[in-house]
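Student: All chains, please: the whole structure from these sequences, using the hints.
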Amino acid sequence: MNRIWSSIVGKLWGTILLLVSFVLFIVTVLILEFLQDFHLEQAESSLTQQAQSIIRIFEDHDEELISTNIVKDILAEHTNLIIAASPNEIRMTHQEGQNQEEVQRRILSDPVLASTFVSEKEEMKEMMLPSLEDGNQMESYIVLASPLESDNSAHGAVFIYQSLDVIHQTTKQTTNIVFLSAFIAFVLTTFFAFFLSTKITSPLRKMREAAFELAKGNFETKVPAGQNDEMGQLATAFNQMGRQLKHHLEVIHQEKEQLSNILTSMTDAVVTFNRDMTILLSNPQAEKIMQKWFLKGGTESKHPIPAEIYHMLDHVMTFEEGIEDELEIIGSYYFVSISPLYSRDSIRGAVVVLRDMTEQHKLEKLRSDFIANVSHELRTPISMLQGYSEAIMDDVVEDEVERKEIIKIIYEESQRMGRLVTDLLDLARLESGHMRLYTSSQDVVPVVDRIVHKFQQRAKEEQIELTFVSEAEDQLMAELDEDRIEQVLTNLIDNAIRHTPEEGNVTVRVEKDKLFAKVSVIDTGSGIPEEDLPYVFERFYKADKARTRGKGGTGLGLAIAKKIIESHQGTITVDSEVNSGTHFAFYLPLKNV
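If you use the numbering used here, the sequence shown corresponds to residues 799 to 1391, in order.
No wet-lab data here; the hints were simulated from the structure. Among the hints, a few may not be true.
What the hints assert, rightly or not - Pairs of lysine-lysine residues, derived as DSS-like cross-links and limited to a Cα-Cα distance of at most 27 angstroms, are as follows:
hint: 1; residue 1: 1160; residue 2: 1086
hint: 2; residue 1: 1014; residue 2: 1054
hint: 3; residue 1: 1163; residue 2: 1086
hint: 4; residue 1: 1206; residue 2: 1258
hint: 5; residue 1: 1094; residue 2: 1160
hint: 6; residue 1: 1361; residue 2: 1160
hint: 7; residue 1: 1310; residue 2: 1361
hint: 8; residue 1: 1361; residue 2: 1312
hint: 9; residue 1: 919; residue 2: 870
Unchecked claim - If you anchor each label on the Cβ, the simulated ranges turn out as follows:
hint: 10; residue 1: 1169; residue 2: 1389; range: 40 to 46 angstroms
hint: 11; residue 1: 1063; residue 2: 1034; range: 39 to 45 angstroms
hint: 12; residue 1: 1389; residue 2: 1046; range: 52 to 58 angstroms
hint: 13; residue 1: 1190; residue 2: 1163; range: 39 to 45 angstroms
hint: 14; residue 1: 1139; residue 2: 1034; range: 38 to 44 angstroms
hint: 15; residue 1: 1072; residue 2: 1169; range: 43 to 49 angstroms
For each residue, glycine too, the CB sits at the ideal point set by N, CA and C.
Tutor: What follows is the structure in structure tokens.
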């Protein structure tokens, strides 16, 4: 029921019914009042006409019996008659029912009506008299007293009276007819109100359903617009609104997707902050950096970003101006740019752009270290070349044997400089990708066996046992550049022999490790300190610089070896323990595995 009254149909229906009911009530009251007055006037008029007719009959006929018979014939139904010469002398009566004498006595004794005998004036009065049908009840009567004249002298009075119940019954019947008409009008009004409301609200209900569908995201929903009235225009406008809404949402979605793709593809980290410095949006690069901060010390902070950036944010929010700076945060370097975001005239947040400058700093340090290392490596041989050359030019050396020794030193140092330059060129080509690999499908075992065989004589001279072990049951076919793999193995085996004391062992092993061919070079030499292991593949890094220099190393061999193996889509590792030995291993992907 509440649902009906809360709907537009119920409200329209209730409004129309209330209006019609009010109008019908007023009209019914007025009609009933009018009918009651009308029936009363009609009764009074009828009684007056009958009284005048009776008087004329008595005036026209001398015989009272004839006049009486005529009077009885012309009296209307439910009309009673008393003709009296005086209050105590009744000439004629015509009454039906009980209590006739009591009714006559009260009428004739009434002062107003009795004055007709002497005043010769008609009197009309409503009186409460005993009922002629039920002696125990009183009824309302209308009584007309009219003087009866004969031979121009007062000869009595005519009293005609009628019960008002007859008038009331007529009024009641009329009232019933009026109420029946009102009920029929009420029913018809209800029907037409529902019909009208339905015709009006049916398009509205369809629009409501369509609006719910739009709210669910179904923008293909349309409302029939077959009418040419306001409802049809409203349906047309609704359909246009749905199309426009779909278009705008598609545009917003495209712009949002485009912005998301731009943020995702950016190499810089982007974080958007609200006015209260809460994070609204961040791209994957920013999430990685914040996760890195959290793992390196952010667990103790209440904020997901370092305090330095929050201080910069506070400055931007307070002074509403952008700021740029380079910060060192937890061992990394970042270029930070913060710009305010506005909503009309007020600042609503800020966007932070972070660029990780750690790699640039590292490259800058490597560049400066590279220059220092190259200068350091070249200074000694250049000084020796310059010094021994001046000694020969100044004829300081007179002994031929000593002269040849100096010339030999000059030659060895020039060779050392040549090796250094060659290694630098090779490393530069590998890092720039300009060195071409001439790969072919080969079995790894014979290649390694051939290279190990070359070092057998040198190992005997150094009194070191060099062993080759193959644990592969089948061929280990891989795409490799044999010359470059030989360069890697030469460097690893040469380092192992140089750093292994006499009576030591150097083992070269080939085996299959899942999808890779694993080549290991294991020695029993002095080993590498644990703190130096992460840096052995960097350029010019030497765990024992003095010892390496004495044995002709440049510090570039392992860096070149790592680049060559990575060019073959492989990896190289090292494991070592001081005074126990070192284990180098590189992995080459197998073919068709």
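Student: Each hint: holds or not?
Tutor: Hints, one by one, checked against the model:
no., hint, in the structure
1, 1160 <-> 1086, "holds (20 angstroms)"
2, 1014 <-> 1054, "holds (20 angstroms)"
3, 1163 <-> 1086, "holds (25 angstroms)"
4, 1206 <-> 1258, "holds (25 angstroms)"
5, 1094 <-> 1160, "holds (19 angstroms)"
6, 1361 <-> 1160, "holds (18 angstroms)"
7, 1310 <-> 1361, "holds (22 angstroms)"
8, 1361 <-> 1312, "holds (23 angstroms)"
9, 919 <-> 870, "holds (24 angstroms)"
10, 1169 <-> 1389: 40 to 46 angstroms, "holds (42 angstroms)"
11, 1063 <-> 1034: 39 to 45 angstroms, "holds (43 angstroms)"
12, 1389 <-> 1046: 52 to 58 angstroms, "holds (56 angstroms)"
13, 1190 <-> 1163: 39 to 45 angstroms, "holds (41 angstroms)"
14, 1139 <-> 1034: 38 to 44 angstroms, "holds (40 angstroms)"
15, 1072 <-> 1169: 43 to 49 angstroms, "holds (47 angstroms)"
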